[in-house]
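Chains as they are written, first to last, in our numbering: chain A, 1 to 237; chain B, 1001 to 1222.
Certain hints may be false.
Quick list of in silico lysine-lysine cross-link-like pairs, DSBU-like style, CA-CA up to 35 angstroms [unchecked claim]: (1) K1157(B) to K1047(B); (2) K1017(B) to K52(A); (3) K52(A) to K1157(B); (4) K208(A) to K1075(B); (5) K55(A) to K1157(B); (6) K52(A) to K1047(B); (7) K1075(B) to K52(A); (8) K1047(B) to K132(A); (9) K1019(B) to K132(A); (10) K1002(B) to K208(A); (11) K1075(B) to K132(A); (12) K55(A) to K1002(B); (13) K1157(B) to K208(A); (14) K208(A) to K52(A).
The calculated label-pair distances, taken between Cβ atoms and stated as ranges, are [as the list claims (entries may be wrong)]: (15) T1156(B) to G59(A): 24 to 30 angstroms; (16) F14(A) to I1103(B): 56 to 62 angstroms; (17) S1024(B) to E223(A): 45 to 51 angstroms; (18) S1024(B) to F14(A): 33 to 39 angstroms; (19) M1001(B) to G59(A): 31 to 37 angstroms; (20) G59(A) to P1173(B): 40 to 46 angstroms; (21) S24(A) to L1165(B): 39 to 45 angstroms; (22) V1210(B) to K132(A): 36 to 42 angstroms.
Quick caveat, the hints were computed from the structure, so don't treat them as lab data. Here a beta-carbon is modelled for each residue, glycine too, at the ideal position from N, C-alpha and C.
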Amino acid sequence: MIVSLQAHHLEKSFQNRPVIRDISFVLHPGEFLVISGGNGAGKTTLLRLLAKLVKPDAGTISIDGQDIWEESDAVRYTLGFLSHQIYLYDDLNAVENLRFTARLFGMEEYHSRITEVLQQLHLYHRQYDPVKTYSRGMQQRLALGRAILHDPDILILDEPFTGLDEAGVEILDTLVRDHQRQNKSAIIVSHNLRAGYDLADTLYILGKGTIAFRGEKTQVSFEEYHSAYRGILESET
Amino acid sequence: MKSIFAILWKDLLLELKTKESFLSMLTFGLLILVLFNFAFEPTPEMKRAITPGLLWITFLFSGILGLNRSFSLEKENMAIHGMLLAPIDRSLVFFGKFGANLIILFVTELCTLPFFLLFLNMPLFEHFWLILGIILLGTIGFVSVGTLFSAMATSTKMREVMLPLLLFPISTPILLAGVACVRDILAGEAFAEYRHWFSLLVAFDVIFLVVPSLVFEYAIEE
């Protein structure tokens, strides 16, 4: 299934402080969009809006033309969201956490899928250990497993490299590349400019709640991207 | 329905692993009973008069502990967002949480009941099923509105204080009806004597089940 996402004039404020200001963009099927920006630029809020965790004050978000707030909850099948927080239960083990997610997503034959995901994440040997006994990197990997378990068409990843060691970054990279090969899309927020640039088809830099820079990777070198990032950060301070 | 059972089973599994809600509620309930017994040294007449009220106060106070825990565990790692990302109506999240809270509190109440027999000579077994039915009805209403307020209070900084402040005033009709029903049952009155209290209890159960399921979406919205 090929899915596109469209954000149209999004606005969001918290306690009268605008966090997202008139953001519009289209994510095409198979496109990898990487967003960077300074602290407080609105990156995480934008992802939470796209994941339908927070309702925008104005504007619309649609997936394949269906407004995610107007249409049924089924639209959430198409999204997989990895946040700063892991969204897992510390006292449950990996299998119990993933089984819970699978049941919520209405998956019928989830046992083999859970095994497959745990093997991909190199967590199979720890599948029956409580999450609270995992290292930060292992928890992050399992959180990624929760996000990809239902095989979503659009991955939304907020700082996916956080807490990962070199091996963890490789695992993440492999999973994301697999996703890309299936002509599926992703929106990735990353402070790691190099890693983000390598993954991206399209690059955005947020500044003060708006898209301050847009570029296609084929037309923007890493140096230009880095320079634009520094320029936007300096203009904000 | 599958989503409701998934959430319910997840909460019961967490409780089976940690036993935090059950043990704290049971201990707190027993403490209330023991302290009351030693502080007042009630006479048999006094015991008969205060047993229905003490029964419900014990259940309501210990229930607060479990309800507070219900959503605080969802806030650890923001696991509640994992549920909200799922393609299910948010009222199903409410019913799943409600079901788990109801089972945990009702089991705790069942374990507390024998101690009422021990400390207050409550004639429990003469009217066991009737009393159990009334306790279940009262617990349904209390837990339903408590689940809603627990979700609301979790977003506040003083959630342990906020929940009883919100919940106790609105639970007053359940407390009054529950106490009156148990009092009349223990006194051997016919159903006609406490039918209006029973009807009130059922009516509030219906209201407290319908309204929270409708507004739950807004209670958990940021």
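Okay, the hints, checked on the actual structure:
With a CA separation close to 40 angstroms, the supplied pair K1157(B) and K1047(B) exceeds the 35 angstroms bound. Distance check on the hinted pair: K1017(B) and K52(A) sit about 32 angstroms apart at the alpha-carbon level, within 35 angstroms; holds. For the proposed pair K52(A) and K1157(B), the alpha carbon gap of about 24 angstroms is at most 35 angstroms, so the pair holds. Restraint check: the Cα-Cα separation between K208(A) and K1075(B) comes to about 29 angstroms, which is no more than 35 angstroms; the hinted pair holds.
For the hint linking K55(A) to K1157(B), the alpha-carbon distance of about 22 angstroms falls within 35 angstroms, and the restraint holds. Taking the CA atoms of K52(A) and K1047(B), the gap is about 55 angstroms. The hint is violated against a cut of 35 angstroms. Taken as a hint, the K1075(B) and K52(A) pair is honoured in the structure, with Cα atoms around 18 angstroms apart against an allowance of 35 angstroms. With a C-alpha separation of about 47 angstroms, the suggested pairing of K1047(B) with K132(A) is violated against the 35 angstroms cut-off.
Distance hint between K1019(B) and K132(A) is fulfilled; the C-alpha atoms sit about 17 angstroms from each other, no more than 35 angstroms. For the hint pairing K1002(B) with K208(A), the CA-to-CA distance comes to about 43 angstroms; that exceeds 35 angstroms, so the pair is violated. In summary, the hint linking K1075(B) to K132(A) is supported, as the alpha carbons are separated by about 15 angstroms, within the 35 angstroms threshold. For the hint pairing K55(A) with K1002(B), the CA-to-CA distance comes to about 26 angstroms; that is within 35 angstroms, so the pair holds.
This hinted pair checks out: K1157(B) and K208(A) have alpha carbons roughly 28 angstroms apart, not beyond 35 angstroms. With a C-alpha separation of about 22 angstroms, the suggested pair K208(A) and K52(A) falls inside the 35 angstroms cut-off, and the hint holds. Separated by about 29 angstroms at the C-beta atoms, T1156(B) and G59(A) satisfy the suggested range of 24 to 30 angstroms. The hint said 56 to 62 angstroms for the Cβ distance between F14(A) and I1103(B), and at roughly 37 angstroms that hint is violated.
Checked against the given bound of 45 to 51 angstroms, the beta carbons of S1024(B) and E223(A), roughly 59 angstroms apart, lie outside it. Between S1024(B) and F14(A) the beta carbons are some 35 angstroms apart, a value that agrees with the proposed interval 33 to 39 angstroms. Hint check: M1001(B) to G59(A), Cβ distance near 35 angstroms, so the stated range 31 to 37 angstroms holds. About 43 angstroms separates the C-beta atoms of G59(A) and P1173(B), a value consistent with the hinted range of 40 to 46 angstroms.
For the pair S24(A) and L1165(B), the beta carbons lie near 44 angstroms from each other, so the given range of 39 to 45 angstroms is met. Hint check: V1210(B) to K132(A), Cβ distance near 38 angstroms, so the stated range 36 to 42 angstroms holds.
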